[in-house]
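A.B. asks: The primary structure of each chain is shown beneath.
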Amino acid sequence: MAGKTLYDKLWHNHLVEQRDDGSALIYIDRHLIHEVTSPQAFEGLRLAGRKPWRLDANLAVPDHNVPTSTEERAGGVAGILDLVSRLQVQTLDDNCLAFDITEIPINDIRQGIVHVVGPEQGATLPGMTVVCGDSHTSTHGALGALAHGIGTSEVEHVLATQCLIQQKMKNLLVKIDGQLGPGITAKDVALAVIGEIGTAGGTGYAIEFGGEVVRRMSMEGRMTMCNMSIEAGARMGMVAVDDCTLDYVRGRPYAPTGANWDAAVAAWRDLHSDADAVFDRVVSLDGAAIKPQVTWGTSPEMVLPIDGVLPDPAAIGNPAAREAVERALTYMGLRPGMAITDIRPDRVFIGSCTNSRIEDLRAAAEVVRGRRVAASVKQALVVPGSGLVKAQAEAEGLDAIFIAAGMEWREPGCSMCLAMNADKLGAGEHCASTSNRNFEGRQGFGGRTHLVSPAMAAAAAIAGHFIDVRSLQETTA
Amino acid sequence: MKNFTVLDGLVAPMDRANVDTDMIIPKQFLKSIKRSGFGPNLFDEMRYMDEGQPGEDSSKRPLNPDFPLNQARYQGASILLSRSNFGCGSSREHAPWALEDYGFRCIIAPSFADIFYNNCFKNGVLPVVLDAESVEILFQQLYATEGYHLVVDLEQQQVCCPDGEVFHFEVDSFRKHCLLNGLDDIGVTLESAETIRRFEAGWRRQSPWLFGSMTVGER
Ligand code: SF4
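Going down the list, the protein sequences come from chains A and B. For what it's worth, the UniProt record's numbering labels the leading residue of the first sequence as 1, then goes sequentially. For what it's worth, the UniProt record's numbering labels the leading residue of the second sequence as 1, then goes sequentially.
Looking at chain A on its own, in the form it has when it is part of the complex (with noise of 0.2 Å):
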């Protein structure tokens, strides 16, 4: 018989009931709750008369709606000026009070973007189970874990049950070998991948990441990579364990400790595939062929290296494909044949669940030093993912880095990568943003957006235009 995938094992530790149907039982280890997807399943609980199965399995964080400015937020809840997002996060409190599920809450130092907290807090393990209402908890997979986003009704499901109803994806394994060029990083490989398969691409399978790039990524960077799985269509994307996911994990605020540890560990070592494990799919891409990545379209696939040019939909033969560079050249208000370098942004942001982590501040701070933003650039962003992020990042004078730029140094949550709140772009205005989706109206309405690694967006910002961030290094060098 052939070996295991990691996501066969993970699937297979957690199956609860095989239906004949085809559909499975899978058991949930860490239900992650935030504002915006929840108050229909706490209601929907109310309604029926249901408790939650579990207590100790949920963990909940506002972040899509809270604001990032200082001064808004020294006011807590009671402080956030929409009255419409207000009563969203204090909703989420008075559910997790009133059905006792832990919560971190606003200006708490923990408080952050959830996919941020989790694997920070060690709320997140290997080997776990984690589901929250949101497509980006496949983030969590990098740690060894089966990760992936749900709707409210299967949120409801989760906390009513401890369980999902499920049906068994294909494997597919994105191999990246070699070795990455300096200055190219997890989120240049996670758009090249998407441009290789395309936003469909992982429909209906569980990725795993491996090649030697991702062994030799940090967490972060891996993080990064199964963030954006579901920009490439799959629910889930994972990454084996090996020293540096225990290096991460040990020592964290809800990780195993003693005799625990070491248990944990032993279980966690079996965390990969099989040498002789079958993939549906396997997709190999050399990561020395990597160049800085920027979108320019309005899908995460629309996407060139920045020395690319934009293409011209008069060259494309199907009609399908050619309407749709056609549409989204029109949205973007950019023309066939132009220079990625050409593009202007008005604004730049840096965070998101994609980014937002230390190592993400260090790379955009390190091409910032020194600098100043280019004239032309309206609003630059800088948004830690959790408060424990933004101290870290004060103790190393980031934020003084930032700010000598011409940069806004704000408090943590989801900001401009959704726009839920007041940060938002303006028809019209094009983002460097380190985000994940560039899809129409995603950061405002009418804005347009440009997915690029953190020191891309910082090098932009400088610049005033795309810019490949190499050539800045260089000179830093």
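In case anyone wonders, no lab produced these hints; they're calculated from the structure. The structure displayed is predicted, hence computed values, not measured ones. C-beta atoms are modelled at their ideal positions from N, C-alpha and C, and glycine is treated no differently. Mixed in with the good hints there might be a few duds.
[Unchecked claim] Rough simulated footprint, nothing fancy, chain A against chain B, three-plus residues with beta-carbon under 8 Å: (1) 16-30; (2) 76-86; (3) 117-131; (4) 141-151.
[Unchecked claim] With a Cα cut of at most 25 Å, we get these calculated SDA-like pairs of lysine to any residue: (5) B:Lys-176 / A:Pro-105; (6) A:Lys-168 / B:Gln-206; (7) B:Lys-176 / A:Ala-24; (8) A:Lys-168 / B:Trp-203; (9) A:Lys-168 / B:Glu-200; (10) A:Lys-9 / B:Gln-206; (11) A:Lys-168 / B:Gln-157; (12) A:Lys-378 / A:Pro-313; (13) A:Lys-51 / A:Ala-98; (14) A:Lys-168 / B:Lys-176; (15) B:Lys-34 / A:Val-278; (16) B:Lys-2 / A:Arg-470; (17) A:Lys-4 / A:Val-278; (18) A:Lys-168 / B:Lys-34; (19) B:Lys-176 / A:Ala-98; (20) B:Lys-2 / A:Ala-98; (21) A:Lys-9 / A:Gly-428; (22) A:Lys-170 / B:Ser-58.
[As the list claims (entries may be wrong)] Far from chain A, by Cβ distances over 12 Å, these chain B residues were calculated: (23) Val-6; (24) Pro-40; (25) Ala-72; (26) Ala-95; (27) Trp-97; (28) Leu-190; (29) Gln-206.
Starting from the known structure of chain A, arrange chain B with the ligand on it as the hints suggest.
C.D. replies: Using the frame of chain A, we list chain B with the ligand on its own:
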């Protein structure tokens, strides 16, 4: 949940690939703590000329005349025909809530994003996957025929065209069963409560570090 058996419905086009959840229901409407009332804001940015705000009366807003759902011939549509990778993007269940609230009970496309597909079934909306060629045929017929209806039969797993042509579709039997009968799947799962408890006890013995670390006392 509303059940779904046979739907004889007017069809409307959403003729593009990668229709994402931000298009289906823009984020400002996600601030609601209710699960109904999203219909007027379905496809908000394409449907109206201005930027919609939660709580606003959308009946007074300027409509985009080019958007199909604003055209007289598609009023009352309950089946939406679209292209590949429909529903990509976020896990927001507000997307199927908005479609359902507007009146759509069935979406036909060559492929769907996984989470969206799953969310539809929880809300009485049937996503039907037909191959791209079949969808192309349906689009041509739809554009050529005013008042174009399809009959979608879940039990038989068929889409029947006015000219008698029939397309078969696949759907997994558990989801089909729940949707046909309008079952609440929490209720179904709780029938296995004993099995879950037994699994949990074993799992706790095997992986004690996964339990008890997040209790209220630590708040
Ligand atoms: S940062 Fe953006 S993508 Fe991540 S959870 Fe928040 S809104 Fe979603």
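A.B. asks: Indicate, hint by hint, whether the structure satisfies it.
C.D. replies: Here is what the structure says about each hint:
no.	hint	result
1	16-30	holds (count 10)
2	76-86	holds (count 3)
3	117-131	holds (count 4)
4	141-151	violated (count 0)
5	B:Lys-176 / A:Pro-105	40 Å, violated
6	A:Lys-168 / B:Gln-206	23 Å, holds
7	B:Lys-176 / A:Ala-24	15 Å, holds
8	A:Lys-168 / B:Trp-203	20 Å, holds
9	A:Lys-168 / B:Glu-200	20 Å, holds
10	A:Lys-9 / B:Gln-206	15 Å, holds
11	A:Lys-168 / B:Gln-157	22 Å, holds
12	A:Lys-378 / A:Pro-313	31 Å, violated
13	A:Lys-51 / A:Ala-98	10 Å, holds
14	A:Lys-168 / B:Lys-176	17 Å, holds
15	B:Lys-34 / A:Val-278	45 Å, violated
16	B:Lys-2 / A:Arg-470	56 Å, violated
17	A:Lys-4 / A:Val-278	7 Å, holds
18	A:Lys-168 / B:Lys-34	31 Å, violated
19	B:Lys-176 / A:Ala-98	35 Å, violated
20	B:Lys-2 / A:Ala-98	29 Å, violated
21	A:Lys-9 / A:Gly-428	47 Å, violated
22	A:Lys-170 / B:Ser-58	43 Å, violated
23	Val-6	22 Å, holds
24	Pro-40	16 Å, holds
25	Ala-72	25 Å, holds
26	Ala-95	9 Å, violated
27	Trp-97	8 Å, violated
28	Leu-190	6 Å, violated
29	Gln-206	8 Å, violated
Going through the hint list in order, the structure does not satisfy hints 4, 5, 12, 15, 16, 18, 19, 20, 21, 22, 26, 27, 28, 29.
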